[in-house]
Amino acid sequence: MMTFWRLLSLMRPHAGWMVLAVFVSAVATAAHVALMATSGWFITSMALAGLAGLSMNYFTPAAMIRGFSILRTAGRYAERLVGHEATLRFVARLRAWLFGRIERAAPASLEGISAGDLLTRLRVDIDRMELAFLRIVAPILAGMLVILPVLIWLAISQPLVAFVLGALLACAGMGVPIVLLAIHRRDAAIAAEATADLNSASVEAIEGQAELAIYDPEGLHRKSLIGHSDRLLAAEDRLARGQAFGNAAIPLFAHLGVVILLVIGIPAVQAGGLPPAELPMLLLMTVALFDAVAGWPLAVQSVPVVLASARRVFGIADREQAVPEPAQPEPVFAPLTLHFSNMCFRYPGAAGEGLRDLDLVLKPGQRIAILGASGSGKSTLAALALRFLAPQHGALVLNGHDYRQLSGEHLRKHIALLAQNDHIFSGTIRGNLLFADPDASDVALEQACRTAQILPLIESLPEGFDTWVGAHGRALSGGEARRLLLARTLLRRPAILILDEPTEGLDAETESAVMVAVLADHPEASLLLLTHRLAGLAEMDEIFRLEAGQLVAISKHSLAIPEGPRHSRAD
Amino acid sequence: MASSSPQALDFLKRWRPRARKPLTRAMIAGGISGIMIVGQAWLLAMILHRVLVEKQALDTVLGLIVLLALTVLARILASYIAERSGFAAALAILPKLRSALLEKVDRVGPVGLSTRPTGEVVSALAEGVRGVEPFFSRYLPATAQAAMLPLGILAVVAPLDWISGLAFLITAPLIPFFMVLIGKGAEALNQRQWLKLQRMSGHFLDAMQGLATIKAFNAGPRMQQAVAEAADSYRLETMRVLRIAFLSALTLEFFATVSIAIIAVLIGFRLLWGEMSYQHGLFILLLAPEFYLPLRAMGTAYHARMEALGAAERLAALETMPELARPDEMPASMTGPLLRHAPALTIEDVHLAYPGERTGLTGITLAVAAGECVAIAGPSGAGKSSLFSLLMGFVMPDSGAIRIDGQALETIPLAALRRSIAYIPQQPTLFTGTVASNIALGDGNPDADRVRRAAEQARIDQRIAGLPKGFSTVIGASGHALSGGEAQRIGLARAFYRNAPLVLLDEPTAHLDPETEALIHGSIRALKPGRTLLIIAHRGETRALADRTIWLDAGRVGLAPADASA
Numbered sequence: 001m002m003t004f005w006r007l008l009s010l011m012r013p014h015a016g017w018m019v020l021a022v023f024v025s026a027v028a029t030a031a032h033v034a035l036m037a038t039s040g041w042f043i044t045s046m047a048l049a050g051l052a053g054l055s056m057n058y059f060t061p062a063a064m065i066r067g068f069s070i071l072r073t074a075g076r077y078a079e080r081l082v083g084h085e086a087t088l089r090f091v092a093r094l095r096a097w098l099f100g101r102i103e104r105a106a107p108a109s110l111e112g113i114s115a116g117d118l119l120t121r122l123r124v125d126i127d128r129m130e131l132a133f134l135r136i137v138a139p140i141l142a143g144m145l146v147i148l149p150v151l152i153w154l155a156i157s158q159p160l161v162a163f164v165l166g167a168l169l170a171c172a173g174m175g176v177p178i179v180l181l182a183i184h185r186r187d188a189a190i191a192a193e194a195t196a197d198l199n200s201a202s203v204e205a206i207e208g209q210a211e212l213a214i215y216d217p218e219g220l221h222r223k224s225l226i227g228h229s230d231r232l233l234a235a236e237d238r239l240a241r242g243q244a245f246g247n248a249a250i251p252l253f254a255h256l257g258v259v260i261l262l263v264i265g266i267p268a269v270q271a272g273g274l275p276p277a278e279l280p281m282l283l284l285m286t287v288a289l290f291d292a293v294a295g296w297p298l299a300v301q302s303v304p305v306v307l308a309s310a311r312r313v314f315g316i317a318d319r320e321q322a323v324p325e326p327a328q329p330e331p332v333f334a335p336l337t338l339h340f341s342n343m344c345f346r347y348p349g350a351a352g353e354g355l356r357d358l359d360l361v362l363k364p365g366q367r368i369a370i371l372g373a374s375g376s377g378k379s380t381l382a383a384l385a386l387r388f389l390a391p392q393h394g395a396l397v398l399n400g401h402d403y404r405q406l407s408g409e410h411l412r413k414h415i416a417l418l419a420q421n422d423h424i425f426s427g428t429i430r431g432n433l434l435f436a437d438p439d440a441s442d443v444a445l446e447q448a449c450r451t452a453q454i455l456p457l458i459e460s461l462p463e464g465f466d467t468w469v470g471a472h473g474r475a476l477s478g479g480e481a482r483r484l485l486l487a488r489t490l491l492r493r494p495a496i497l498i499l500d501e502p503t504e505g506l507d508a509e510t511e512s513a514v515m516v517a518v519l520a521d522h523p524e525a526s527l528l529l530l531t532h533r534l535a536g537l538a539e540m541d542e543i544f545r546l547e548a549g550q551l552v553a554i555s556k557h558s559l560a561i562p563e564g565p566r567h568s569r570a571d
Numbered sequence: 001m002a003s004s005s006p007q008a009l010d011f012l013k014r015w016r017p018r019a020r021k022p023l024t025r026a027m028i029a030g031g032i033s034g035i036m037i038v039g040q041a042w043l044l045a046m047i048l049h050r051v052l053v054e055k056q057a058l059d060t061v062l063g064l065i066v067l068l069a070l071t072v073l074a075r076i077l078a079s080y081i082a083e084r085s086g087f088a089a090a091l092a093i094l095p096k097l098r099s100a101l102l103e104k105v106d107r108v109g110p111v112g113l114s115t116r117p118t119g120e121v122v123s124a125l126a127e128g129v130r131g132v133e134p135f136f137s138r139y140l141p142a143t144a145q146a147a148m149l150p151l152g153i154l155a156v157v158a159p160l161d162w163i164s165g166l167a168f169l170i171t172a173p174l175i176p177f178f179m180v181l182i183g184k185g186a187e188a189l190n191q192r193q194w195l196k197l198q199r200m201s202g203h204f205l206d207a208m209q210g211l212a213t214i215k216a217f218n219a220g221p222r223m224q225q226a227v228a229e230a231a232d233s234y235r236l237e238t239m240r241v242l243r244i245a246f247l248s249a250l251t252l253e254f255f256a257t258v259s260i261a262i263i264a265v266l267i268g269f270r271l272l273w274g275e276m277s278y279q280h281g282l283f284i285l286l287l288a289p290e291f292y293l294p295l296r297a298m299g300t301a302y303h304a305r306m307e308a309l310g311a312a313e314r315l316a317a318l319e320t321m322p323e324l325a326r327p328d329e330m331p332a333s334m335t336g337p338l339l340r341h342a343p344a345l346t347i348e349d350v351h352l353a354y355p356g357e358r359t360g361l362t363g364i365t366l367a368v369a370a371g372e373c374v375a376i377a378g379p380s381g382a383g384k385s386s387l388f389s390l391l392m393g394f395v396m397p398d399s400g401a402i403r404i405d406g407q408a409l410e411t412i413p414l415a416a417l418r419r420s421i422a423y424i425p426q427q428p429t430l431f432t433g434t435v436a437s438n439i440a441l442g443d444g445n446p447d448a449d450r451v452r453r454a455a456e457q458a459r460i461d462q463r464i465a466g467l468p469k470g471f472s473t474v475i476g477a478s479g480h481a482l483s484g485g486e487a488q489r490i491g492l493a494r495a496f497y498r499n500a501p502l503v504l505l506d507e508p509t510a511h512l513d514p515e516t517e518a519l520i521h522g523s524i525r526a527l528k529p530g531r532t533l534l535i536i537a538h539r540g541e542t543r544a545l546a547d548r549t550i551w552l553d554a555g556r557v558g559l560a561p562a563d564a565s566a
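Going down the list, the protein sequences come from chains S and L. Note that the working numbering has the first sequence beginning at 1, numbered continuously upward. Note that the working numbering has the second sequence beginning at 1, numbered continuously upward.
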């Protein structure tokens, strides 16, 4: 229930459109009810007048019939347009909102949630939340707006009729669907589970096709896939039966209502309590009135679906930031001294030591290398320096201010990271570079690419900087991608440059050329080089090895730092 | 998506006869429901006529009222049966359709499928099959209903009142006509919007994959702005589609409503002038909405058809993929493994060309002695994977001969051949299930001791012991996550468990750190005795494990490059 209220409160900015949508929808339905009621009354009155040889004023009802029919037609069209406009506006804002929340929590608080899962929430779940208005709120409110006045008006002259009609409407629109929903709750869960199983079995069947062909000649995996499929279809068959039942309920109750009204109405007409022309009017109105609840069964069915999606969306949106932003951040000015002060960090629930009592000062212009095998915590150090994570003990201190007093955004203006898993976005090379700095000049782009030793490659491409790369573009080799990402990081010209395995995938010659150029092009920048290779170490002021979560200083002489370009490793 | 391509429609029509029985049942039930609708209107008109015109009392019409109630029940029951039969039609088709597609996928084989993104094939299998359901469960029954019921009502009404009959006759054909006209326009727009949706969703995935990068560059607000703009332009585009799509509903609504109004007014006047009986007048008025109802239902059904066609198109595309894999000529005829000892391989002047531009093999000749461990190296596209695919029967050579222990490959039954091979791809697939069932892949009754030994030999036993439930821990997409190096060692454990004499290893240590690499090399060394091993290897360290290296270049055996250290 809380989830639903929260969902409703998110709709508030679009309340204007939504109220309009409900109103227009109610008008259209009311026009339909009025059209049918008036028609029934009209032809009966005309027939009775004809038989009695009387004349009657037929202009008004005939005009009303025409008017209602036009109102109903126009109303239905407007209802659809306004309803969708309201929903789509709601959804568009919701998507941007959720994206903002995801970005806020990223990356540390989203650990363990795949990009595909996030995409599902951003796309499918948000799309489902749009049903909250279109399928649930709008039809129920609009239906109520039509039914309640009619029932109240009826109750004044025919309380029994009003009661019977109200009960039938409630049964058909709400009672039956709710009962069906309860009965089929298990089937819906089975269907959802079987769908997920079927999807993952299908992915395995395709991705692991070669292995299954070799290892699974009896087709055990195929059998389990078919099993999931059969289970899904069986659950869907039961759900479809419930739906067919619900679909039958509305006309059943509507026409049974007619039968009951006949039994109540005929004596009333004979007793003179009900004018003869009003009996057919009531009967036709009854049938038409059930149109007002026609959307309700679907509304009831949609409630759990919408709520499940809303919960998934709120679950992501409510993730706390790993490092909360301060209310009044201290300013950050270069030159910068970064001090990891007796800092401890361990991923919650992770095995191993984490980082222990790590103490390190990076002074302006200083160049420090930290060596370590993969998994030794180098990348964690980088994430801490970017304020993606907060240490459990100790602190990071920048120019005397604890990181907790600084805004992440200010800080990252001056500290740039080339991470191991940096992403190349689908777009042009230029677009990817400008990602780091949207205002960078062409000269700056070329300079950064030259330093990263990628400029000749870009210039050799027919479309140069406008070549498409990323998921939907030209595939870059590992080494090319690495250098492009390096160029992007360099483009920020930060005060502190953190390079995490910058030369992964490069041959020895390019590797040392890259390191030489980076150091030459950024003489003032402080550098934190995280690597397990030896290239560039000769130029470092200090070298540490990260061992069991602690820094161990090592002298350059103890390392066999290569003179020339040779491929080697630091272990 | 929703374009009415002829292949998609053909595809659906081809499957239709399999559901003939339930579809016929749906049509008959629909017809009965139509008859009941007419009967119901006739009874109600008769009752009201007797009560209001002839002033009869309740008890004289009570029999008619009971009959009316029964008619209502019969009508609802019939339409319930019609709806269920529609779904039964889908149920009669979907399982067979899914099996047929899976068999097709087998015939295309891993090499053939690799030209398409996995997601595309999976969504054809999972959602595609499901997506054609509305065609059988809703569209076909609704079409039958729309063809029968209005004609039936017209046949009843026209003799009673030719004016109303004429109104029906004129408006009814106009409705589908306008709907088709407007539907065509909506379809084109719909397709454009679909593209936009896909682009937007690609954009979102990109943003989700690059979240850390976005954050590191303070690009969050900029991206949020972009997301808002994308979502907003999607809204504008959608509304453009909907404004037109809703026009078809408007047309329907207009003709249906206005003709009811006209019929009501015209009947009213004739009643006033005494030219018509009240019973007939009311009967026609009651039937008027029912006349248009099936036509309106066609609007929704048409949507179901477009959706199903979109899905069918993907299925039809899958169906036309070239079948590269060697057909399984004698399924399960041979159960035991063919090869008991490490086999010798000879490959003589084998050519292989793929459809499209991919290079295959251009006259490769090589020999591997029994029990030898050979590294295969060379630039990408040199034919290393093609060699493996040939040996496993995922492609067939255009010419040349492959022999295993002197026996021509094509004369060895496919099942027996595959049972003699252990294959470890670059990134072994982890199937949803326990660690044990992953190691004993394809074995319905895994031998716990052998699984344990295989894990030891693959140097993964300690890692497994550290898992929450040891060998019973569920891994795979929805289970406990394993790293690339761990998955690689599960792949090796599979090879140890299978104990096949021919082992094909594809790039076992790409992207791994030195420690893991050392573990895997140790494990490969343990795999060598008594087996023939082929290892695709880029890295010198891996090649050093082999007795010798065969260098491939452009689809044939070439020379080792000058700087090759091993």
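One should not assume that every hint holds.
Unchecked claim - Here are some of the chain S residues that sit facing chain L, going by a computed Cβ distance under 8 angstroms:
{"id": "1", "residue": "T3"}
{"id": "2", "residue": "L51"}
{"id": "3", "residue": "A52"}
{"id": "4", "residue": "Y77"}
{"id": "5", "residue": "V82"}
{"id": "6", "residue": "R89"}
{"id": "7", "residue": "E103"}
{"id": "8", "residue": "L119"}
{"id": "9", "residue": "V203"}
{"id": "10", "residue": "E204"}
{"id": "11", "residue": "L233"}
{"id": "12", "residue": "N399"}
{"id": "13", "residue": "S460"}
{"id": "14", "residue": "P462"}
{"id": "15", "residue": "E463"}
{"id": "16", "residue": "T467"}
Keep in mind the hints are simulated off the structure, nothing from the lab. A virtual CB, placed ideally from N, CA and C, is assigned to each residue, including glycine.
Going down the list of hints, with the structure as the test:
Interface restraint check: S:T3 against chain L, minimum CB-CB distance 22 angstroms, threshold 8 angstroms, status violated. Restraint check, S:L51 versus chain L: the minimum CB separation of about 7 angstroms is within 8 angstroms; hint holds. The criterion of a C-beta within 8 angstroms of any C-beta in chain L is not met by S:A52, whose closest approach is roughly 10 angstroms, and the hint is violated. Taking 8 angstroms as the C-beta contact cut-off toward chain L, the hint placing S:Y77 at the interface holds, the least distance being around 4 angstroms.
Of the supplied interface hints, the one on S:V82 is violated, with its beta-carbon coming no nearer than about 11 angstroms to a beta-carbon of chain L, more than 8 angstroms. Annotation: interface hint on S:R89 holds; nearest CB of chain L at approximately 7 angstroms, less than 8 angstroms. Interface hint status for S:E103: upheld, as the beta-carbon distance to the closest one in chain L is roughly 4 angstroms, under 8 angstroms. For S:L119, the shortest C-beta to C-beta distance to chain L is roughly 5 angstroms, which falls under 8 angstroms, so the interface hint holds.
Given the 8 angstroms rule on beta carbons, the hint for S:V203 holds: about 5 angstroms separates it from the nearest Cβ of chain L. Because the smallest distance between the Cβ of S:E204 and any Cβ of chain L comes to about 5 angstroms, under 8 angstroms, the interface hint for this residue holds. With a cut of 8 angstroms, the hint placing S:L233 at the interface with chain L holds, because the nearest CB-to-CB distance is about 6 angstroms. The closest approach between the C-beta of S:N399 and any C-beta of chain L is roughly 19 angstroms, which is over the 8 angstroms cut-off, so the hint fails.
Because the smallest distance between the Cβ of S:S460 and any Cβ of chain L comes to about 19 angstroms, over 8 angstroms, the interface hint for this residue is violated. The beta carbon of S:P462 comes no nearer than 18 angstroms to any beta carbon in chain L, farther than 8 angstroms, and the hint placing it at the interface is violated. Annotation: S:E463 was flagged as interfacial toward chain L, and the flag is violated, the nearest CB pair being 20 angstroms apart, outside 8 angstroms. The interface hint given for S:T467 is broken, as the beta carbon of that residue sits about 17 angstroms from the closest beta carbon of chain L, more than 8 angstroms.
Against the hints set out earlier in the document, violations occur for numbers 1, 3, 5, 12, 13, 14, 15 and 16.
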